[in-house]
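In order, the protein sequences belong to chains A and B.
In this text, residue positions in the first sequence follow our numbering: the first is 1, and each later residue adds one.
In this text, residue positions in the second sequence follow our numbering: the first is 1001, and each later residue adds one.
One should not assume that every hint holds.
Said to hold, decoys possible - Across the chosen pairs, the derived CB separations fall in these ranges: (1) A10(A) <-> P1129(B): 34 to 42 Å; (2) P1265(B) <-> R37(A): 49 to 57 Å; (3) R184(A) <-> A1254(B): 51 to 59 Å; (4) K2(A) <-> K1144(B): 45 to 53 Å; (5) E143(A) <-> G1214(B): 39 to 47 Å; (6) P1268(B) <-> R37(A): 33 to 41 Å; (7) D1259(B) <-> V54(A): 35 to 43 Å; (8) R1024(B) <-> T276(A): 38 to 46 Å; (9) R184(A) <-> P1265(B): 52 to 60 Å.
Rather than coming from a laboratory, the hints here were simulated on the basis of the structure.
All of these numbers come straight from a predicted model, not from anything done at the bench.
Just so you know, even glycine gets a beta-carbon here, dropped at the ideal spot from N, CA and C.
Number of protein chains: 2
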Amino acid sequence: MKLKEIGEDAVVEAITRELRFDGRVEVGPGDDCALVRFGQNLQLLKTDCVVEGVHFLLETSARAVGWKALCRAISDIAAMGGDPLDAVITVAISPDRELAWLTDLYAGLNQAAANYGVNLVGGETSRSPGPVFISVALTGKVEKERLVVRSGGKIGDRLYVTGRLGGSLRGKHLSFEPRLAESRWLTENFRLHAMIDLSDGLGSDLPRLAKASGTGFEIDFSALPKNEGCSVEQALADGEDYELLFAVSDDVGAKLEQDWKKAFPELPLTRIGRLTEQKGDLLSKPGYDHFQ
Amino acid sequence: MKLKEIGEDAVVEAITRELRFDGRVEVGPGDDCALVRFGQNLQLLKTDCVVEGVHFLLETSARAVGWKALCRAISDIAAMGGDPLDAVITVAISPDRELAWLTDLYAGLNQAAANYGVNLVGGETSRSPGPVFISVALTGKVEKERLVVRSGGKIGDRLYVTGRLGGSLRGKHLSFEPRLAESRWLTENFRLHAMIDLSDGLGSDLPRLAKASGTGFEIDFSALPKNEGCSVEQALADGEDYELLFAVSDDVGAKLEQDWKKAFPELPLTRIGRLTEQKGDLLSKPGYDHFQ
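Here chain A stands alone, though its shape is the one from the complex:
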């Protein structure tokens, strides 16, 4: 059976089924990051990649590609309530490519690293017979009491998203800012039940959060914070928003909304619905699937 006949979630299920871990592993595949114990601390581990012809085009600025490559992984660390630490970078690239492309890529990686306090500690550079591949592996740390996984949502929880959704391909997918400060503020001040970053679109990522939490969900389509000119469908399905979606208990929602406005006056926080008892997908159209 071909990968494109199966779909991304089923592919991941097939390859993770046989994995076995020792007792150090707190969270394995299936969340935004893995979580392992390292000495007395909790470490987050994430890997991600961007591929020429899939996530960017030949004519895309290499600097923007570097920014995007690292910020995608930082967004996943943020989605667990963590703080990024160290990254290692793999680049496979044709020997016919200009050195300047690679140094521009690293300028973008460096810029993101400096902005978010990441050390680029190493990497691997290899030949590619065709497109450029860039893989970023990023570590982070998280305090036990601030850790947020996808599976902690409870029936009745309010659902919030940061920022606005949809239309990312017009440019935001290359220049977005991972919601690291927002995540650290949220987890310092409130007990979040569940969180995920919106990389494939609300229409894919919300069902993942609800499924992991063992709940259903309902959303108020008229409340969705859309980027200018975007339809509800685009807000659900375009993907690459890199905003945070999180669930909190109903009784902290009011204070959270109030405090958020003082802490992040420029960035909207929108209540979009709630987790429900009823299972099943209430969305008309899923977000981006890598294989379909």
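Place chain B on chain A using the hints.
Just chain B, lined up with the frame of chain A:
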């Protein structure tokens, strides 16, 4: 200027020149692994990749590719005296590829993970417009007193290699065993000055160790442990041996050789030369360069 006009070491130099680290980073790019402080412990970080058409062919067993992909990174952790812990895997693959190829790849990754005590804790699967690209990021830990870097070699040190060199493409490059037990035994019992794993070939990797140590070197070509049917040139230049090359002071060499025979009776350990005062490359032909 194109990458192929420059060569791998100069490319790495160009992209690592601007990197800035905070005080947690003990060893940055340029050694087998990066070394960072994490809480009270020292963590090793390595990333590596294998690319279809470069490191393996379409007809190569996917299981062997998975084994190789993880074992290459384990070999680098061993080269620093460390113990591997957790890996995250990135795979970019065409949607037209069979699911069985991917599950076979993971069978090989799993086999290597089980053999060497690694947790496969997460990954990313993406579409590729062409070749399959697999990147492995691996963490490890190392006790401070057992850490071995490339730069600690001293003039007069004896140089040893494990196993036999050359001819790896005949099969060993897909089925090699990273010298993890050997490295852990060596660093437990002897104070090694410098170590590197032979991935690009002795002809490339020995000059790197000597350069990092600020020394020259001389080797006894007649002493090189060659795989059957291999010339000296092949032992120097074929690459993908994944053996350990290390430097120790002259006065521990005799005991080390004696004890090695008892600990690893099946695996040769060969004294191949020494580190010298005179700088400069005494080898006729370098090993594998990714861009030339």
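For each hint, the structure was consulted:
1. A10(A) <-> P1129(B): 34 to 42 Å: Between A10(A) and P1129(B), where Cβ atoms are some 22 Å apart, the hint is violated.
2. P1265(B) <-> R37(A): 49 to 57 Å: Because 37 Å falls outside the window, the suggested range is violated.
3. R184(A) <-> A1254(B): 51 to 59 Å: 57 Å, holds
4. K2(A) <-> K1144(B): 45 to 53 Å: 50 Å, holds
5. E143(A) <-> G1214(B): 39 to 47 Å: The hint (39 to 47 Å, Cβ to Cβ) holds, given that E143(A) and G1214(B) are roughly 42 Å apart.
6. P1268(B) <-> R37(A): 33 to 41 Å: 39 Å, holds
7. D1259(B) <-> V54(A): 35 to 43 Å: Roughly 52 Å apart at Cβ, these two residues miss the hinted range, so it is violated.
8. R1024(B) <-> T276(A): 38 to 46 Å: 44 Å, holds
9. R184(A) <-> P1265(B): 52 to 60 Å: Holds, at about 55 Å.
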